[in-house]
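**Q** So the sequence lines, in the order shown, correspond to chains A and V. Each residue of the first sequence is one higher than the one before, counting from 1 in the working numbering. Each residue of the second sequence is one higher than the one before, counting from 1 in the working numbering.
Hints are computed from structural coordinates only; laboratory data are not their basis. Source: prediction; values computed, not measured. Mixed in with the good hints, there may be bad ones.
Claimed, not checked - Taking lysine-lysine pairs in the DSS-like style, the calculated list, with each CA pair at most 27 angstroms apart, reads:
1. A:K44 x V:K42
2. A:K54 x A:K44
3. V:K79 x V:K42
4. V:K59 x V:K42
5. V:K69 x A:K41
6. V:K63 x V:K42
7. A:K41 x V:K68
8. A:K41 x A:K15
9. A:K41 x V:K42
10. V:K42 x A:K78
11. A:K51 x A:K78
12. A:K44 x V:K63
13. V:K69 x A:K44
14. V:K42 x A:K54
15. A:K41 x A:K78
16. V:K42 x A:K51
17. V:K57 x A:K44
18. V:K68 x A:K44
19. V:K42 x V:K68
20. V:K79 x V:K57
21. A:K41 x A:K54
22. V:K59 x V:K69
23. A:K15 x A:K44
24. A:K78 x A:K44
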Amino acid sequence: EAGVTQFPSHSVIEKGQTVTLRCDPISGHDNLYWYRRVMGKEIKFLLHFVKESKQDESGMPNNRFLAERTGGTYSTLKVQPAELEDSGVYFCASSQDPDSFYGYTFGSGTRLTVV
Amino acid sequence: EDQVTQSPEALRLQEGESSSLNCSYTVSGLRGLFWYRQDPGKGPEFLFTLYSAGEEKEKERLKATLTKKESFLHITAPKPEDSATYLCAVQAYSSASKIIFGSGTRLSIRP
Numbered sequence: 001e002a003g004v005t006q007f008p009s010h011s012v013i014e015k016g017q018t019v020t021l022r023c024d025p026i027s028g029h030d031n032l033y034w035y036r037r038v039m040g041k042e043i044k045f046l047l048h049f050v051k052e053s054k055q056d057e058s059g060m061p062n063n064r065f066l067a068e069r070t071g072g073t074y075s076t077l078k079v080q081p082a083e084l085e086d087s088g089v090y091f092c093a094s095s096q097d098p099d100s101f102y103g104y105t106f107g108s109g110t111r112l113t114v115v
Numbered sequence: 001e002d003q004v005t006q007s008p009e010a011l012r013l014q015e016g017e018s019s020s021l022n023c024s025y026t027v028s029g030l031r032g033l034f035w036y037r038q039d040p041g042k043g044p045e046f047l048f049t050l051y052s053a054g055e056e057k058e059k060e061r062l063k064a065t066l067t068k069k070e071s072f073l074h075i076t077a078p079k080p081e082d083s084a085t086y087l088c089a090v091q092a093y094s095s096a097s098k099i100i101f102g103s104g105t106r107l108s109i110r111p
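Build the full structure now, drawing on both the sequences and the hints.
**A** Shown next, in the form of C-alpha cells:
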C-alpha cells in the first residue's frame, strides 16, 4: 500500500510570502493529522481531521495557518504570511482509526525555510 | 500539563552492546504510550503501543516496557542498522486527537 505522501519535500520562501503544503494520506484513512518540529524542539501537534471535518485544531499556532481537507481526501496547510519562526519540518500522518493501536503512518515531511 | 522526557539525548554503543532508553511521562489519564523510530530525512515510523503498566511488546532486537511513570526501550545485541532517533510519545484520554512527543534519543551503533 502506498504511504503518506507530502510535497514539496523542501520549500524556501521569503518572510511575508505564502506557502501551501500538501498531504495525501493512505487511501481509506479517515484520520489525518498535521504535526511540526521547529528547530531544537519536539514534534508538536497542529490539528486533526476526521474525513473533511476538523476534530481538533488546538495546536494551530495562530490565524496565519489554515488547514483544509477536500472531500476527506488530501489536505493542504497554508501559511500566510510566513514568518521566520515558521521554519521547521511539517509532518502529516494518517490512521484508519483514532485509537492508534497500529500507530500513525507519517509522511517524510516538508522542510520549510523562511528567510 | 502532559509531558514526555527522554534520556539520554544521545547514546553511542558498540555493535552487540545491549542498553536501554528511558521515557518518563506525566499525563492526565494515559490512553497509550508509543515508541517510534525516525531515520534522517524521514518521518517517524511506528514501533509499539503500550496501554497499561506491566505490559511488554517485542520486535526483533527491541523490547518496550511500561510502568505507571516511565517506559523503557531495551535494545539487545544492536546492529548498525538500529542507528536512528527513537521517539516516545503519549496520548491522553482528555485529548485523544493528539500525541505528545518527547525530544528523542539519538542512538548510534558502531560496527
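**Q** Hints first: check each against the structure and report whether it holds.
**A** Evaluation of the provided hints:
1. Restraint check: the Cα-Cα separation between K44 of chain A and K42 of chain V comes to about 16 angstroms, which is no more than 27 angstroms; the hinted pair holds.
2. A hinted pair counts as satisfied when its Cα atoms are at most 27 angstroms apart, and K54 of chain A with K44 of chain A qualifies at roughly 17 angstroms.
3. Under the criterion of a C-alpha separation no larger than 27 angstroms, the hint pairing K79 of chain V with K42 of chain V is consistent with the structure, at around 20 angstroms.
4. Between the alpha carbons of K59 of chain V and K42 of chain V the distance comes to roughly 20 angstroms, so the proposed pair stays at or under 27 angstroms and holds.
5. This hinted pair checks out: K69 of chain V and K41 of chain A have alpha carbons roughly 22 angstroms apart, not beyond 27 angstroms.
6. Note on K63 of chain V and K42 of chain V: the hinted pairing holds, with a Cα-Cα distance of about 23 angstroms set against a maximum of 27 angstroms.
7. Proposed proximity of K41 of chain A and K68 of chain V is supported: the alpha carbons are some 25 angstroms apart, at most 27 angstroms.
8. Our distance criterion of 27 angstroms between C-alpha atoms is met by K41 of chain A and K15 of chain A, whose separation comes to about 21 angstroms.
9. Distance restraint check for K41 of chain A and K42 of chain V: the Cα-Cα separation of roughly 17 angstroms lies within the 27 angstroms cut-off, and the hinted pair is therefore satisfied.
10. For a cut-off of 27 angstroms, the pair hint linking K42 of chain V to K78 of chain A stands: about 22 angstroms separates their Cα positions.
11. In summary, the hint linking K51 of chain A to K78 of chain A is supported, as the alpha carbons are separated by about 18 angstroms, within the 27 angstroms threshold.
12. Annotation: proposed proximity of K44 of chain A to K63 of chain V holds, straight-line Cα distance about 25 angstroms (limit 27 angstroms).
13. Note on K69 of chain V and K44 of chain A: the hinted pairing holds, with a Cα-Cα distance of about 21 angstroms set against a maximum of 27 angstroms.
14. For the suggested pair K42 of chain V and K54 of chain A, the alpha carbons sit about 26 angstroms apart, so the restraint of at most 27 angstroms is met.
15. The straight-line distance between the Cα atoms of K41 of chain A and K78 of chain A is roughly 21 angstroms, inside the 27 angstroms bound, and the hint therefore holds.
16. Restraint check: the Cα-Cα separation between K42 of chain V and K51 of chain A comes to about 25 angstroms, which is no more than 27 angstroms; the hinted pair holds.
17. For a cut-off of 27 angstroms, the pair hint linking K57 of chain V to K44 of chain A stands: about 25 angstroms separates their Cα positions.
18. At most 27 angstroms may separate the alpha-carbon atoms for a hinted pair to count; K68 of chain V and K44 of chain A meet this at roughly 23 angstroms.
19. Straight-line distance between C-alpha atoms of K42 of chain V and K68 of chain V comes to about 31 angstroms, which puts the hinted pair past the 27 angstroms bound.
20. Simply put, K79 of chain V and K57 of chain V have alpha-carbon atoms about 19 angstroms apart, close enough for the 27 angstroms limit, and the pair holds.
21. With a C-alpha separation of about 25 angstroms, the suggested pair K41 of chain A and K54 of chain A falls inside the 27 angstroms cut-off, and the hint holds.
22. A hinted pair counts as satisfied when its Cα atoms are at most 27 angstroms apart, and K59 of chain V with K69 of chain V qualifies at roughly 22 angstroms.
23. For the given pair, K15 of chain A sits about 22 angstroms from K44 of chain A by alpha-carbon distance, which is consistent with the 27 angstroms threshold.
24. Of the supplied pair hints, the one linking K78 of chain A and K44 of chain A holds, its CA atoms being roughly 17 angstroms apart against a limit of 27 angstroms.
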